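Listed below are the residues making up each chain.
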Amino acid sequence: MSESAHGHPHPGAQPGADAPSPGIHRHEHEHQGELHRHPHHHPEVRGPVHEHAHGTGFERLTYLVSPLHDLDPRAKIASTLVLILGVVLTPPLRPLEFGLLVTLLLSGAVIARLPLRTVLGRASLVLPIAATIALFAPIARHGGSLSIGGITGAYSGGGWVAAWAILSKAWLSALAAILLSATTPLPRLIRGFEALRVPDVLITLVSFLSRYVGVFRDQLQALRVALDSRAPSMPRLRRWRLFGQLAGNLFVRAYDRGERVHAAMLSRGFTGTLPTAEVLRLTPADALLIVTVALTAAAVALY
Amino acid sequence: MSAPVFELAGVRHRYPDGTVALDGVDLTVRVGETVALLGPNGAGKSTLLLHLNGVLRASEGAMSVEGVPLTDESVGRVRARVGMVFQDPDDQLFMTTLYDDVAFGPLNMGLARDEVDRRVHRALHQVGLADAASRPAQHLSFGQRKRAAVATVLSMEPPVLVLDEPTSNLDPRARREMIGLLRALPATKVLATHDMALAAELCTRAVVIDGGRVVADGPMDAVMADAALLEAHGLEVATATIGA
Chain X
1 MSESAHGHPH PGAQPGADAP SPGIHRHEHE HQGELHRHPH HHPEVRGPVH
51 EHAHGTGFER LTYLVSPLHD LDPRAKIAST LVLILGVVLT PPLRPLEFGL
101 LVTLLLSGAV IARLPLRTVL GRASLVLPIA ATIALFAPIA RHGGSLSIGG
151 ITGAYSGGGW VAAWAILSKA WLSALAAILL SATTPLPRLI RGFEALRVPD
201 VLITLVSFLS RYVGVFRDQL QALRVALDSR APSMPRLRRW RLFGQLAGNL
251 FVRAYDRGER VHAAMLSRGF TGTLPTAEVL RLTPADALLI VTVALTAAAV
301 ALY
Chain H
1 MSAPVFELAG VRHRYPDGTV ALDGVDLTVR VGETVALLGP NGAGKSTLLL
51 HLNGVLRASE GAMSVEGVPL TDESVGRVRA RVGMVFQDPD DQLFMTTLYD
101 DVAFGPLNMG LARDEVDRRV HRALHQVGLA DAASRPAQHL SFGQRKRAAV
151 ATVLSMEPPV LVLDEPTSNL DPRARREMIG LLRALPATKV LATHDMALAA
201 ELCTRAVVID GGRVVADGPM DAVMADAALL EAHGLEVATA TIGA
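Protein sequences, first through last, are from chains X and H.
So that you can map any letter, position 215 of the first sequence is 215 in our numbering, and since no number is skipped, the others follow by simple counting.
So that you can map any letter, position 54 of the second sequence is 54 in our numbering, and since no number is skipped, the others follow by simple counting.
No lab work stands behind these hints: they were computed from the structure.
Computed from a prediction, not measured in an experiment: that's the story for all the values here.
Among the hints, erroneous ones may be present.
Residues of chain H clear of chain X, computed beta-carbon distances all greater than 12 Å [stated by the list, open to error]:
hint, residue
1, Ala62
2, Ala103
3, Leu170
4, Ala225
Derived, one-sided and incomplete: chain H residues facing chain X with beta-carbon distance under 8 Å [what the hints assert, rightly or not]:
hint, residue
5, Asn53
6, Val55
7, Arg79
8, Ala80
9, Met84
10, Phe86
11, Asp88
12, Gln92
13, Met95
14, Thr96
15, Phe104
16, Gly105
17, Met109
18, Leu111
19, Ala200
For each residue, glycine too, the CB sits at the ideal point set by N, CA and C.
One chain only, chain H, in its complex shape (with noise of 0.2 Å):
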């Protein structure tokens, strides 16, 4: 077995409002796993993603990242081998030029500027855009803008990859193009999606969490054949492709 990524035991997270939104989750993801993080709207899914590189912390319950617990001394280290793509690119993206946006994480990491922009460089020609490097975010179509957030963490050339929502309100063929993209990432990854189908095609695990809780973890196959399972927590079953 691989050596453990994330390791999450008994963590809580109450929000300042009183609201708990993570009750208890244990969960070890490894490396070289895509994860599937399923779940309804409001299950805790972000809450969970955005503890997973120490924006938020857990008010109870022990966490620790490639083995080592996290602290505020290891946050910033942490936040340099876990990428974050937040849903909305438009939160993703904010600094004036898209070259800029994915130098960003690069240059706080201190990187000499030859080594950011050949990171910037390869990071553009992953996801395609390396054309609209000088153009800033609100002239991308949003499925570039979609990928150019993907960009900017690929930059910092992460183990781990954390993705809320990759393909949300993406058209049929910026959806493909997206899951090409992730499926020849190496890195390990942990997706949030409503989207059952790239689940089933991406991933080869999946966790259902519903009431910040834990209610299903197992093989992908295993869990998408459990139709009850699936629907007692607002999911269905990945619809067949017509003709496949």
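This is chain X alone, in the form it adopts within the complex (with noise of 0.2 Å):
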């Protein structure tokens, strides 16, 4: 994973400025014309500048200074998923009402300062699937029974707007979906769905994936180099069929690594849940954000 490395001045290092307080401190600083904000732990300050460096690309997103940025991880995860529901819940989608969800989160991310670029992109990555999947709706129209005379046949019609509503709402939620991961750091995000009770499985679950995904891509790259390095011109379908075996090989070593992590959490005191550090509080921005999505939401299903 890319990271990079910068100094900036530290305010507690100003003369006349407070210290910074033990313990986690957030303090704003520029990087490359964006602001900053994420936890330090440095209660010595040890010059004008200190040295710390974070994830490159999307994940960089999520350290950027904004209101959203601040909110409480379950008031954003509460609203995205009431937005969802809502969204999915309505008849299609009349275009004014599609342009209001739109509106409406795009000016999310114009007040987080994400690159539209960025997030339009992102969310129409769901397109090609539900493309897939709406295009059974004009083929099954016909008749009852699957068609390519759906598409542009006489029934075609009814067919045609149940694709818009799914291809709409898929990208809508997809739109919703990354407006909350890219406002907010990932390990506040599993913070966020622990405090709102998903079980622990589920927490430990997508922690361990958010860890260790790099680590077995590293391992499978490597086993592809070793690969290649052995037979540069093994024939494409053999080298596909190996791929299997590869996978298998990679299922070992997660599994030894599974049991060497457990002995590590076993030798540091685990007993069953994962312990974070990080307390949340909700704020009043935190309860008009739902509320105002709630609303936001219940029109568009009722209306």
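Dock chain one against chain two, each of which comes alone in its own frame, and use the hints as you go.
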């Protein structure tokens, strides 16, 4: 995973400024024109600049400073789910409704200082998958049986409306989910789901997935390089067959790692739940977000 | 003579597949010692280390930690007293941020949040990674991850440290940093290593195991001087540093 290291002035090091309090403290710094904020832990300030690094790419967006980033993850998760529920439950969206929802979500992205092109691009990744499903709607409309004639035939109108409903709803839901994941750092997001009583097993699963997916990707890459080094001119078909064996190999390694990680967890007193240190607090702004989004979702669903 | 930390008598360990990894180990480690556990690959070093905090249990034989026999009742306390650092830091760093990883042990010990926070700070400063607290482990370099793995255990403030290959795969500078870090820690230490120079530099006592048995146990100087012994067990004398 890529990262960037950079130094920035520490507010506590400036004469007259408040010294940073020990413990977690957040302060803002500018990085390539973007204002970032995330927790720091350095009670002893060693100079005017301190070095730190963080992820680049999509993950970088979660460190931006905005009112939306500041909200409690629970409020954002609840709002996102309510909005998606409203969108899913409504009859096929009229252009005005669709426009209203897009405006709402994109204003969110603007408030969060997210690059719109990235947000729209990510949301559109859902379209090819949704389109495959959506295509069945007009095909299935032709007299109750699957027929390609449904695309252009006499009964195709209703089918196309259903297809539009599937596509627009999938895209709006993806847009809402991306707004959530781009404004909430993953540890905070997981913490939010945990506080919303999502079962420990799922929380542990998601935490470990986010931690180890990179490790396994590196291992797979190493296996592929080893294969290429010893069989540079292997026919494509045989290569694909070998990938099955690579997957098996990777599974065994994952199993072994699971045992070692479990031993490491036991060694530090693991009792069944992952303890996290961050405490969440709901503010009036969080309540406002939930109420606003709930009303919007209800209006869209019921109107 | 100081009080014993680990007392092993005739410890055997048989894995479920029938492999006998430990074949009657007798070993006593005392408070304040720094013991190097030497031996070829597959000698049983890692298996022995996993016995020291009760992750693995002896199939036969007796073992006690700080005078208390290792049982299901005492194992929780033993794990808080014996800090275990694994060879692969990716096994040790399993949480989503470094802070959460270092806080994992203290939180499981049931400490209050401000005490946890204080300990995480101290541990991260000890290993020089305070600035990286909010980062996920995958954003740390390998050398940083090795030191972070030590911090996850230091935050539990254990009087005994058990380390598996603390310098493996480190570049010379990261290795030097690790040696400096370990030297500064006052805890009783048992470390398994192939890094003979590290053993010679840090440890006062060497225990050589091979085939699941202790084949030599004595002052570091004496073991290092016994070229025939080292040769017989797949080890070699620490090569003299050029110019030293």
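Inset, instruction - Using 8 Å as the Cβ threshold, decide whether Gly105(H) counts as touching chain X. - result: holds, 4 Å
Inset, instruction - Hold the hint about Met84(H) up to the distance rule: shortest CB distance to chain X must be less than 8 Å. - result: holds, 4 Å
Legend entry - 12 Å cut-off, C-beta based - Ala225(H) kept clear of every residue in chain X: Ala225(H) is indeed farther than 12 Å from all Cβ atoms of chain X, at 35 Å.
Legend entry - Per-residue hint verdict: Leu111(H), partner chain X, C-beta under 8 Å: violated, 10 Å
Legend entry - Gln92(H) as chain X interface residue, shortest Cβ-Cβ below 8 Å: holds, 5 Å
Legend entry - Hint status (Cβ of Asp88(H) to nearest Cβ of chain X, threshold 8 Å): This interface hint holds because 7 Å falls under the 8 Å limit.
Inset, instruction - May I ask you to test the interface hint for Val55(H) with respect to chain X, counting a Cβ-Cβ separation under 8 Å as satisfied? - result: OK, holds: Val55(H) within 8 Å of chain X, min 5 Å.
Inset, instruction - Quick one: work out the minimum CB distance from Leu170(H) to chain X and report holds if it exceeds 12 Å, violated otherwise. - result: Correct as stated: the minimum Cβ-Cβ distance to chain X is 18 Å, above 12 Å.
Inset, instruction - Determine whether the non-interface label on Ala62(H) survives the test: each CB of chain X must be over 12 Å from its CB. - result: holds, 21 Å
Legend entry - Interface restraint verdict for Met109(H) against chain X (beta-carbon cut-off 8 Å): With a minimum Cβ separation of about 6 Å from chain X (threshold 8 Å), the hint on Met109(H) holds.
Inset, instruction - May I ask you to test the interface hint for Arg79(H) with respect to chain X, counting a Cβ-Cβ separation under 8 Å as satisfied? - result: Holds, about 6 Å.
Inset, instruction - Using Cβ atoms only, decide whether Ala80(H) comes closer than 8 Å to chain X, and label the hint accordingly. - result: This interface hint holds because 6 Å falls under the 8 Å limit.
Comparing the model with each earlier hint shows violations of hints 2, 18, 19; every other hint is respected.
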